[in-house]
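Student: So the sequences go chain by chain: A and B. Mapping of the first sequence onto UniProt numbering: position 259 corresponds to residue 259, and the numbering continues sequentially without gaps. Mapping of the second sequence onto UniProt numbering: position 285 corresponds to residue 285, and the numbering continues sequentially without gaps.
Bear in mind the hints are in silico, worked out from the structure with no lab data behind them. One or more hints might be untrue.
Ranges between beta-carbon positions, derived for each pair [to be verified]: (1) TYR34(B) with ARG338(A): 50 to 58 Å; (2) LEU181(A) with TYR34(B): 51 to 59 Å; (3) LYS76(A) with ASP47(B): 52 to 60 Å.
Glycine included, every Cβ here is placed at the ideal spot set by N, Cα and C.
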Amino acid sequence: MISRLRLSAAAALLLAATACGAGGSGGGTGVTSAVPADAPPALRTLIQAAQKEGELVWYSVPAENIAKAVSDDFAKKYGIKVKFIRLTSSDLAQRFAAEAESGKPAADLFVGSYTPFIPEALSKGWTVKLADAGIPDYPNGYPDKYLLPDDGTAVVQVQPSGIAVNSQEAGGAIKDWKDILDPKWKGKVILVDPRTSAAYTPFWNLIVKEYGEEFLTELKAQDPIVAPGSAPATQQLAAGEGAIVMPGVQSIADDLKAKGAPVEYVQPEASTGPEIVPGLAAKAVHPNAARLFVHYLMSKEGNARLNAMPGSGSPLDPASLPARYAFNRDLTGTTSERIHTLLGLGEAGT
Amino acid sequence: MTALTRVRDRLGALTPFQVAGTLLALALGALAVYPLALVVIRPFVTDGRIDLAPIRDMLAQPDLVTLLWHTAAVVGASGLAGLVIGSSLAWVNERTDARMGLLTDVVPLVPFLLPPIAGAIGWSLLGSERSGYLNLALRPLLGIEGTGPVDVHSWYGIIFVYTIYQVPYVFMIVSAGLRNTDPALEEQSRMSGAGPLRTLRRISLPAVRPSMGAAALLMVWTGFGLFSIPAILAPQAGLDILSVRVVQLLSFTYPPETGVAVALNLVVMLVVTLVWYAQTRMLRSTRTAGIGGKGARPRPMRLGRWRTPVRAAIVLYLALTSVLPLGALVLVSLTGFWSNTVDWSRLNLDAVVRTLTDTATQEALLNSLVLGVVCATVGVLAAAVVSVLVRRSGRGAGMLVDAAIKFPPTLSHLVIAVGFVLAFSGAPFHLGGTLWILMLAYISLHMPQATTASDAAISQVAPELTDASRISGAGQSRTFRRITLPLMTPGLLAGWALLFVTIAGDIGASAILAGTGNEVVGFRILEVFANGDYAMLGAISIILTLATSLVVLPVTWYARRRGGSPLSRTQP
């Protein structure tokens, strides 16, 4: 019965996809819609210029289903065709940098994690500051602490890290980070390899800030299973290869849970995680569409759409964030080398 | 004689074939070197002067010795295992009565059809200590509790998975070599009373030495380059593998540590150079293995009572390397996620339907297959021309061009892909986001495979044949078209199949070069992997494997028929 339901859901999706001539990551809709009547003049001008360009290409770190939902909504609202691809934060940096340097960026903007790449891209002239881009009414009452004026951007999404647990093995037993150090989880903690991306450095700084460096040495003594990424880690968790994933990603855990896997997500109060910021390409092919998209992502409506899934917090809705969320920019002090050494991992880099 | 007339004389002596071939070789060399130079030279030049700091930094890597030792052990052990298994499979299939028709012809290649990232995931699904499908199945049978008996996240596990991806190179190239050598000598040896082992050692092995040398070079080359397998399996085993470290250096943070990454790759280049040099010497010294024979089909050696065990071993190998990982991917795709309990009533086709109805995946699949066919064809033909020229021109310039084509791809494909963006994305070429940039990168990155296969193929064409053609008045292009190329065909088709499969499933270059306008399967697999959707990843991999086998199986079958036909054994 369940499989029948799933099939019909897939069929409905197929119909919807063919109906609007879109699907997957290359998707987009071509509905022409008029400029909203209540738009102020500056916004109206931008909308018309963007519609003239007719298309938008962007690179997304947020998951595929979220990127697609946002793209489809934007396309429907403004009648602009949207194309995107989904990348990890380090692939995005490599690709955007190479394309910008070649003088022909394929993406009009990216929406990626805040890492040292963001100020680097700005200083090399590959991106333009949002404040200087002529976005109508910018920042339009956007909460100050999410604006990063020096880096020329703003946080539009926060993905707090948490703990994913196997409900059969550790259901209810894990409430906070320190519970992971209980000796009974020895050999059952799946550690997402922090050597794969600098985006994990703020997270481990948070743990050091909360519990001291001992936490990392004690975690090493737990003899963790080192997983090459959040995705394989959560799959291993579902199969019972381990009982706990640290740090866990809610969108991945929820997705597996929906498919019937014995996976739960726990959100400790103290948390940090990838902070997602837009970057406007300086030599964008569709600059006005890109500016309109940023305007949309920072609007109440667009930001709600971007953060509709559990696991992402909206700067415009403080209730969607963990009680003691700490910003990446406040979490420095322990270098990535030190973190890797304390966790007992071989070192990359000098 | 003045210098000018000397030059004119030499130019006059050049045939159109030589001119065209030389231009082609130079173009291929430029295509390999130019993008690379854009990325690689920068970290080594500071203020217009050569700066060797990256090499110092590389040597200062705290655990350099561990890194090199782990990498060398994995690549070396899997290479040796691959050479033994691959040559044995080839010999049994070509020379003995244990062969089982199309089954033994193509099934050794099937694990290769699975892109390495899918193969690595398939094996972690099978061989993980607690919840691996294989362990779940074996424990009740063996009466073991808890974990094991198999652990793929270990030395032997990783070497095993590497070996699976090395065997097809050896099998294909050595098979082609055996097909092209004269079995009459082996028969004579047996008739003179030598046993099968002695015949193998004294006659068959020396005859296929060029092929085995080519296979060894390819294995070293691809072994160091394999990235997805160690990235997925090695961290948990506590193994440090060079290809993974290089990607970490390039992508951990921005700006990337390109200098150190490239310096590490230079170590790989050094090893490849040594193997290449050894192989070149071997090709030059082997003049006895040319195509000769009386145009008779080889009579298979009778294995007698060994026939059944040998066949059983082959079937077991095939089941272990092809059926198991594919089965694991099918199961995860039907379950929706990796589970340690299989609830048969809940299996569904959801992921398969999602994959088949996803327009992005459809487009990606089509692009990849077309690129695979086009790039493999162009690559192999170009390689054949280059091989002929390099062999004819001897040392010096020929070797240099050969090296320019073969060495750049030993660097991490991530570095090269960035180089291709810098070289071709913007002005004056404006190829960014098109299939053309992928095509150029794919051809360039896979030239070592293509030229290694064609070098081995040409080395088995006895020069007497081409001499005869020339003496009878045929020009060089005509000789190439009518004599050399047809005689090289079995080896070239083997190379074509290798190229097609690796290009159709390419991930390394596609991660940077594919995008909204030129989606390919490898990139789609990466997207799906990052999303954590193993079910869809399994479905895409299986569909890709089915699609590539529909192309590769007929080609292999044709190559075999062609190689076995008396017509291709034209007498010198």
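Student: Could you run down the list of hints and mark each one as holding or not?
Tutor: Each hint, compared with the structure:
1. Separation of TYR34(B) from ARG338(A) is about 40 Å and departs from the stated range, judged on CB atoms against 50 to 58 Å.
2. The beta-carbon spacing between LEU181(A) and TYR34(B), approximately 54 Å, falls within the hinted interval of 51 to 59 Å.
3. Between LYS76(A) and ASP47(B) the beta carbon distance is about 54 Å. The supplied range of 52 to 60 Å therefore holds.
Consistency with the previously given hints fails for number 1 only.
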